[in-house]
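Asker: Each chain, written out:
There are 2 protein chains.
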Amino acid sequence: MADNINIDWILKRRSIRKYKNKRISDEEIETVLKAAMYAPSAVNRQPWHYIVIDDKSIFNKFMEIHPHSTFLKDASHAILICGDEKLHHGDGYWIVDCAAATENMLLAAHHIGLGACWIGIHPREDRKKLIKELFQLPAHVHAFAMVSLGYPATTYDLPERFKPERIHKNTWSKK
Amino acid sequence: MADNINIDWILKRRSIRKYKNKRISDEEIETVLKAAMYAPSAVNRQPWHYIVIDDKSIFNKFMEIHPHSTFLKDASHAILICGDEKLHHGDGYWIVDCAAATENMLLAAHHIGLGACWIGIHPREDRKKLIKELFQLPAHVHAFAMVSLGYPATTYDLPERFKPERIHKNTWSKK
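Chains as they are written, first to last, in this note's numbering: chain A, 1 to 175; chain B, 1 to 175.
In case anyone wonders, no lab produced these hints; they're calculated from the structure.
Check before you lean on any hint, since a few could be wrong.
The calculated DMTMM-like cross-link candidates involving lysine to aspartate or glutamate, where the alpha carbons are at most 20 Å apart (straight line), are [claimed, not checked]: (1) K12/B to E28/A; (2) K163/A to E30/B; (3) K163/B to E160/A; (4) K169/B to D126/A; (5) K12/A to E28/B; (6) K128/A to D91/B; (7) K22/B to D55/B; (8) K20/A to E85/A; (9) K169/A to E28/B; (10) K169/B to D8/A; (11) K20/B to D54/B; (12) K34/A to E165/B; (13) K34/B to E64/A; (14) K129/A to D91/B; (15) K34/A to E28/B; (16) K175/B to E85/A.
Residues of chain A clear of chain B, computed beta-carbon distances all greater than 10 Å [what the hints assert, rightly or not]: (17) K20; (18) K22; (19) K34; (20) N60; (21) D126.
Glycine included, each C-beta is placed from N, C-alpha and C at the ideal position.
Just chain A, with the same shape it has in the complex (with noise of 0.2 Å):
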């Protein structure tokens, strides 16, 4: 692949669960939520919100209801995403909007130097309930997904996630 068209800062993010005991800058959490808030949306509706998370007790609490969570207790911030329904295009596009919205966060973490995991929480309504009553939710805002962030304490090779068998052709194609 040539230089010019060089995608490693997609290619080499991974989810990173062990962290440094190093407390991350109000910089680089700013230049996260900004990634975040820099996401398409659709209709440009940016139905979102962030809550950014480093009292410790809340962690504590956030991995009492959620199962994959404990490397919380390790991590210098999290930050929760939530969408809300009226701000967003119509049902079901907050969703879609704040998984993008996640996804460029995760991208500006590794681009930075920090690491980061995408702890699932939508569509788990069991999980969405308990954690809009962690943090106190309004009715209309939704917890979609929390993201862990820390200095990482670990590396990870490349993957090999390239599949050309999921590549079709003008239309579908059985493999």
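Please arrange chain B on chain A, whose structure you already have, making use of the hints.
Answerer: Structure of chain B alone, referenced to chain A:
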């Protein structure tokens, strides 16, 4: 913002709907597809397929179905992102995973000098049904979004999308 935390490749991406009359190379299409396939997905299921379209007669049929896709007439290519219920982690997950993949495509396209636009299909069931028929998708495969691609014939300034009022600290706060 310091140079080492420059994320212009995220901030300067815009929806591009005007294209030069020039065909995109196969290598560039592969770069965009590769970016998509390196998106995170729930439990790394990668529940996606991609239909690469360069047949103008298919663009014409798509434009008849989708009211906001007339700029496809000038596109070099388009890629239909599809979610596969036989591959996903559970109900509703393919939507989240395909959104992350779509955002990766848009960012990679921008980074390598292409113009791209996210043409929404999901969550509109009427569009999904007609597009499923057009591409002869199997029952378990669902159209998620189309991304149009071409060399940009227009540029945009950086918009202002950073909204401090959407940022909360440790819990929901009325603004």
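Asker: I'd like to know which numbered hints this structure contradicts. Please list them from smallest to largest.
Answerer: The structure breaks hints 3, 4, 8, 10, 13, 15, 19; every other hint is satisfied.
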